[in-house]
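Q: Start from the sequences, fold in the hints, and give me the full structure.
There are 4 protein chains.
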Amino acid sequence: MAIRTPEQYLRSLRDGRVMYVDGKKVEDVTRHPALKPAINLGVLLYHLYQDPRFRPLLVTQTEEGEDAPFIFKRLRNAEDLLRRREYILTLARICYGAGGGPCYVGPDALNALTVISRRLDRELKVGYVERVENYRKYLLKNDLALAGAITDVKGDRSLRPIEQIPHKDFYVRVVDQKKDGIVVRGAKFHISRTPICNEIFVSPTRAMREEDKDYAVSFAVPVNTPGVVLIAAGQEHFEEDNFDEYPVSASRHTAEVLIVFNDVFVPMERVFLNREWPYAAQIARMFGNFHRLYADTYKYADLEIVTGVAALMAEYNGLEKVEHIRDELAWLVWYTETVGILGKAACDNCVVEPELGIAYPNALYSNSAKFLFANYYHEAIKYVQDITGGIVADLPSFKNFLSAETRPYMEKYFQGKAGIPTEHRLRATMLARDISSSWVQGTTIHAEGSLSAQKISLTAIADWEKYKAIARRAARISDGSEHPLTRDLPLFPPKWSP
Amino acid sequence: MAIRTPEQYLRSLRDGRVMYVDGKKVEDVTRHPALKPAINLGVLLYHLYQDPRFRPLLVTQTEEGEDAPFIFKRLRNAEDLLRRREYILTLARICYGAGGGPCYVGPDALNALTVISRRLDRELKVGYVERVENYRKYLLKNDLALAGAITDVKGDRSLRPIEQIPHKDFYVRVVDQKKDGIVVRGAKFHISRTPICNEIFVSPTRAMREEDKDYAVSFAVPVNTPGVVLIAAGQEHFEEDNFDEYPVSASRHTAEVLIVFNDVFVPMERVFLNREWPYAAQIARMFGNFHRLYADTYKYADLEIVTGVAALMAEYNGLEKVEHIRDELAWLVWYTETVGILGKAACDNCVVEPELGIAYPNALYSNSAKFLFANYYHEAIKYVQDITGGIVADLPSFKNFLSAETRPYMEKYFQGKAGIPTEHRLRATMLARDISSSWVQGTTIHAEGSLSAQKISLTAIADWEKYKAIARRAARISDGSEHPLTRDLPLFPPKWSP
Amino acid sequence: MAIRTPEQYLRSLRDGRVMYVDGKKVEDVTRHPALKPAINLGVLLYHLYQDPRFRPLLVTQTEEGEDAPFIFKRLRNAEDLLRRREYILTLARICYGAGGGPCYVGPDALNALTVISRRLDRELKVGYVERVENYRKYLLKNDLALAGAITDVKGDRSLRPIEQIPHKDFYVRVVDQKKDGIVVRGAKFHISRTPICNEIFVSPTRAMREEDKDYAVSFAVPVNTPGVVLIAAGQEHFEEDNFDEYPVSASRHTAEVLIVFNDVFVPMERVFLNREWPYAAQIARMFGNFHRLYADTYKYADLEIVTGVAALMAEYNGLEKVEHIRDELAWLVWYTETVGILGKAACDNCVVEPELGIAYPNALYSNSAKFLFANYYHEAIKYVQDITGGIVADLPSFKNFLSAETRPYMEKYFQGKAGIPTEHRLRATMLARDISSSWVQGTTIHAEGSLSAQKISLTAIADWEKYKAIARRAARISDGSEHPLTRDLPLFPPKWSP
Amino acid sequence: MAIRTPEQYLRSLRDGRVMYVDGKKVEDVTRHPALKPAINLGVLLYHLYQDPRFRPLLVTQTEEGEDAPFIFKRLRNAEDLLRRREYILTLARICYGAGGGPCYVGPDALNALTVISRRLDRELKVGYVERVENYRKYLLKNDLALAGAITDVKGDRSLRPIEQIPHKDFYVRVVDQKKDGIVVRGAKFHISRTPICNEIFVSPTRAMREEDKDYAVSFAVPVNTPGVVLIAAGQEHFEEDNFDEYPVSASRHTAEVLIVFNDVFVPMERVFLNREWPYAAQIARMFGNFHRLYADTYKYADLEIVTGVAALMAEYNGLEKVEHIRDELAWLVWYTETVGILGKAACDNCVVEPELGIAYPNALYSNSAKFLFANYYHEAIKYVQDITGGIVADLPSFKNFLSAETRPYMEKYFQGKAGIPTEHRLRATMLARDISSSWVQGTTIHAEGSLSAQKISLTAIADWEKYKAIARRAARISDGSEHPLTRDLPLFPPKWSP
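Protein chains in written order, with the numbering used here: chain B, 782 to 1279; chain C, 782 to 1279; chain A, 782 to 1279; chain L, 782 to 1279.
Among these hints, one or two may not hold up.
Any copy will do: because identical chains look the same in the list, a pair fits if it lies in one copy or spans two.
Calculated pairs, DMTMM-like style, for lysine to aspartate or glutamate (alpha carbon to alpha carbon, straight line, at most 25 Å) [said to hold, decoys possible]: (1) K1102 <-> D1244; (2) K1193 <-> E1096; (3) K1247 <-> D1129; (4) K806 <-> E1186; (5) K806 <-> D1025; (6) K1193 <-> E944; (7) K960 <-> E991; (8) K1102 <-> E1246; (9) K918 <-> E1020.
These are calculated hints, taken from the structure and not from any lab test.
Being a predicted model, the structure only gives us computed values, none of them experimental.
A: Now the structure itself:
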């Protein structure tokens, strides 16, 4: 089929899928007002496919020479990763800091299985590699959009999957094994973009022990598969197409859902892990490796807006020369650009596994970027709010600006620095408010792996032997251990005599 | 009239006042849905007046022995301040962290003028003391609700009032002097509770120089005075009486407005400052002294909720034993209770000026409380969001819980710790989301004086001579200066011989 | 004996005690240069006893009407605690932020046993109350100085006392039970002021389980008891009586030691806990309650110097009007005075147990003070160093100022603001450097309970039921639980109809 | 001469230079104990020159094909910068986090003049390019060590050079113009490594106005020039060759000095700026561009030790599995590696000015690295001290371990985790203490440009137009401005119809 048109894409979403918003069934996801900002994100990609300026970045060629979506291309080296980053960044800049296009999580989960299926087959010879590659071809050929469903609902966080008390379905699991497939039950939560995708790719969210083995499952199904139910997450302050007051959040939304799997049948050729429990942890970790790159990159585009609106408000309020405002702006630049370059460094310094034919981002730098933006985001928002002023909380609605009766008051009294139209100051204020919502803050901490997950990742990844060897040398501790970095360093201080 | 009934109060707000919401004129402020949470706050006081458990706290007696609202009583000593604190705290706990009743700012501005009018009359003998006291009697006798209008719209923050460029009305000013009164023009912003008050008390927001003297003006007018126009501030996520999803913000709102003064005539007996520019700074500072107490106290009630919802979510998620969660809870307790005790310490250690017959809170502790809560609030919210989990951003709307079709999924999959009804976890999550809105964060930084204002206040208040004297003694610097604290301290180390 | 003279005190320290500094035995602790700053601290108290301005604060009367050291008086109410605070603060201000006099820890341990022995005897009737009170009388009568030895050396922090691997003596324990006493072995570390005390009071540092019961031991012995060995902690940059360069650290030192108990015999009348393991935790916690007050108070005196030297350096460098310097100073004032008032609030709001005849500080406020100063101290030092400038690291030694050859260069080039003698700027710089040493920072985090201990204490103390009840009410969660604070709060919003 | 031997280098420092330590003249800088750690740093380079493993990195070839020190090579592209980084990192790892070899600041100042002399000559044709290049050849040919003297003593920080009150010499200035040279007076402070260098390169520390033009001066002189006087900065806890207790600080020191210029004559061929005041700011900024790379790189080596000792102590104390310890370690890894990669990114993304034949580091990333390490260093130290435990403050001196009498106690009671020799735990503790000194902290904030300087640099460097354009687009503000990044971005949301 090659690359789809916007119309083909939209039509494909009208497939009988079962979805609820506010407790009511949605007839057509492409026509429900609450889903419009998500559809905006999704359809954008298909418009850009038609644009010769963007097509070379977004479209790749299959081995057969057919055009196909770049997002599903297997990543083999730093160039591929840098192109992926360029892809994400370009679309995120167009979409005000959100990844444009229908899917990122699904492709990253597919990438994780690409790596781990090779490792698994090498040991257990199940034949997963072939299934994964067939599925990849199917996606490339039909230009499908693939959601990625990783996070389970989890229940009591102190208990493992099998230990949960009220029921055993807090993590998606295999409840039946048929001859030609498996039956799965459970629910995945925080699953972005599912309503604007064609397929769902499921993989485990955590390490499993043997007793949890029914929960070690990975598979893919179409969104409209019987038994699949989507329930939309709530949204903060949404008004359809109110781009004045909600310039970012009314434009785009990643449409998180709860996906319920009510005893869903999955045919064997779409099963990529089936109780091989030791591989669950590997898949979860490798998924993270790929998905950090997405997070680091779109967040950089997001932070450019955060820093930009702070700079605008400082100017519009006449505060540009105030020292503490300048200090806050300096901090925001540091924060934004450090996130940006860490994401790029994760590509530049990627890990290539030639025997697997795959490359993945350097986890140290990609996790460092993620940790930086998640751990310090509230501080950034504090600065934006400080610079914007109390108006960020109390601005009369923009309808007052559009009303003939109240507009003169708005024009006169909300003017800031001379020469700046009042409307510009109002718009910048509305942007500042829109980007500092609690939704964004909660997302920043938790999306693509929580803050704790980052710390755990950093601890797991770090080259502790390097650090310890360096410290032992400095402390003159000789414990017989050796490290390549310190082994051959010359003696210091050197021997010399005055 | 003594104390009014709820009905009398509500009726008094239907007085022809000119108010706009979303650019449209409001017919009756007591019947407009957007104002309902504010009316909730206001009318509460009049209900409590009827409740014998609360009446002794809320009602005082005039010299003539008539019942009158305690809020307008002149504060003479620590007991009065502690009762004021108890008043604020009691109503704030009832109202989920917002000061219940219609007014706090106005009484604090009246208190400030009570002090400064005495100082001014002592020097200039204008007769302001009598005017202020007559006005106080009028308020007490008629049980009126008084808004306080302090903050101007300010225009370019780097310019003084007289230097503003597009026009000269960015700060409220006297534009004409009539025989029997003055004419004022300008606008005040962020003025809480005006729609639920009967009168507006205006006083300066900053120090003025001689060239700014037309801006050194203080006065009071009824809200329905010709030329007074109110424009409502926007509100985050409001749905009328949706106490499920917005348990705090749908219940109460402080109804900030822009108040425009379109060449409003003020009779001389309601003018409390009229171009005596050196007193503008004193009034602004003294207002702050009184108003911090309000801020410190209601915020303590607010932080009890913040800490409480964090504790609930930790329990409901099964996270109570996780060390970093416990550390965050410990920090929240420290933060909450330190804010609380600092506010109390400001009363316990108040400044009494017997010759003026007035007491005001200790500015060092009241500003320290304000600085603590404003400077660290984003950190508190980060912890609440971390503990609550990603559900704080993505929870499906509560309508899904109320719908027969989706409720089973919600019940099953949003269960947390066994034994906790799912509904409780959902409600606690909605509370966590409601209190972490950007509106609250912006308000926390800016309301009752911005973060910078706190730092400036602390610098202005601090007993620098004490600190320097102590440091000079430690550094063995003898510069001839003396300080009571260090002057008579014995030599250290003492002379002794082994 | 009543109150001792300085000479009597010094003589009492020459008692044959076994002490090592730098691996060498100390002949006479009152004549060893490394111990001079500690002796300075100790002997001060005896000088002040002779000073009629201080004697009323420092001296109390026994039931027999004899003068006796106030520090051992049983604390019965808020007045006693406030006097104790005044005692600590007065001596700490004299001694540049360290508690003057020989002892604080010992008396606090004695206080803890005073409370817990009553609880224990009520249940087990061992007769500890009488032993404790006899010992108190002995101390009062002979005006002895009492060290408190709480912290054990601990070995592997992840293991309990009985689980330790290389040997079992990482916590002090009973190794033999004789007819008339016990034999103890082990070592206590970080034990302040032991070299300047006459007696050592030992009590447990943590909760014990039944298997650890040999470690549940409390007792007192003279410092010169056979088998007791003291090894001095190192000191940062010490030069005897160099009050120019080390104005604080050369003046006073709290003389921490490792105390080794080499199978020391303790007679039964000095044993206050002997394997009653459930009481170990209670003693440790109650000791903390008393000892926080000491920490909060001397640290307040210490922070006055920190803030003072920052203010001096800002002035001397001509930086007083720079906004970020002013902000840092404002923060330091907030930090200092909040620590101060929290300590006072812990006394004002103390817990009185009339049936035990004892009062102890409010643990919520005393722990909040401790947490505040320990958690933010590095930030304070960062500000001091920022304000002082690079000179804090690079100042040529003061000997250059005292040398005729180099003084002219020092005078000319280290001048700051005109009118300030260069010497003053140098002295303030040396003070800034002296107070920001790593020793002070490490101590601030760890002394009187580590940072983690504070968080654990705050979590243990907090009134979680209050917070949860308040949050449940706000979230409209009805789970049948009741709390006095929320039970009778009226409905909000109230019922009213427009 | 090509490359010198260690002996030649040491001999060259015995040149009659005038230097004072503690107010006393130093006869021979190579034989004074206080300078030994600095000589250690310096002489190392000459030892490594002889080592075939290091020589290729450290030695370059002149155009004439002679061996010469790489450090003076003109940097032309990213490869040169990366090699410079490798040079710094290699030596810093050998020298426990300090740049090994005698000089870095001087070469960076020379590099700055290399750029700015070209700009200046293009406009004013003074002939500075030739002088600079001749001097470079002289340094290369003779393998000299060059100190860089930038920071002036500054006096009152609120006054410009010409405004200073007690005298006019707070910034180095030209006091006389002779036919063949100039006479300079003043003092430079914090000048690293001067005692171990042969020559001093002076350049301005700040922007100058026309009235300050006498202060716009750059030149070079030998260290032993008449009128040049060096006064050594103090050192924290120094004991000669005590590598046990001061493993880092006794090994190496950068020997900061105050350099006094007592009316020193400088021949014209060594004058590189002579009152051309507009270029002072350019030189200061360009010097910063080069010198950040040095700071970012050696600090990375330093932070590897910081993180390493934290990891060791966690292990030795048995704390590796405690969550908050793991979180602190994760933070340290993030901090260390982000500093590291930012420095590398500054090279990878350097600015090349082909027409000037020179490349310099990307200031955005190099300043971001510097800001990161300086702004968060105190937090890092807090974590190290928390992990190390109170022992970091109270460890008995290592002499106790070396003494037969006390060693058994030390061995037994300072053991940590089983299997780790006590000596290792002691050594790691001593390292932790050594690296957390106030000297290091002060240096971290102030060296290579203060914290404020970083914020000002970041503000100056940032691409504000980019950020503002991005924010304007998001806020739908059309003010006619254009930016390449946003100009051609397609409309979002795209036009589509459901």
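Q: If a hint holds in the structure, say so; if it doesn't, say that too.
A: Against the structure, the hints come out as follows:
1. For a Cα distance limit of 25 Å, the shortest separation of K1102 from D1244 across copies, 17 Å, qualifies, whereas the shortest one inside one copy, 44 Å, does not.
2. For the homomeric pair K1193 and E1096, the shortest alpha-carbon distance inside one copy (18 Å) is at most 25 Å, but the shortest distance between copies (43 Å) is not.
3. Within a single copy, K1247 and D1129 get their C-alpha atoms as close as 21 Å, and across copies as close as 24 Å, so both meet the 25 Å cut-off.
4. For the homomeric pair K806 and E1186, the shortest alpha-carbon distance between copies (9 Å) is at most 25 Å, but the shortest distance inside one copy (41 Å) is not.
5. Within a single copy, K806 and D1025 get their C-alpha atoms only as close as 29 Å, which misses the 25 Å cut-off; across copies the closest is 21 Å, which meets it.
6. Taking the shortest Cα distances, K1193 and E944 sit within 25 Å of each other only across copies (16 Å), while inside one copy they are farther apart (64 Å).
7. Within a single copy, K960 and E991 get their C-alpha atoms as close as 23 Å, which meets the 25 Å cut-off; across copies the closest is 57 Å, which misses it.
8. In this homomeric assembly, K1102 and E1246 come within 25 Å of each other (Cα to Cα) only across copies, at 17 Å, whereas the closest approach inside a single copy is 47 Å.
9. For the identical chains of this complex, K918 and E1020 are neighbours neither inside a copy (40 Å) nor across copies (48 Å), given an alpha-carbon limit of 25 Å.
In summary, the structure is inconsistent with hint 9 from the numbered list given earlier, while agreeing with all the others.
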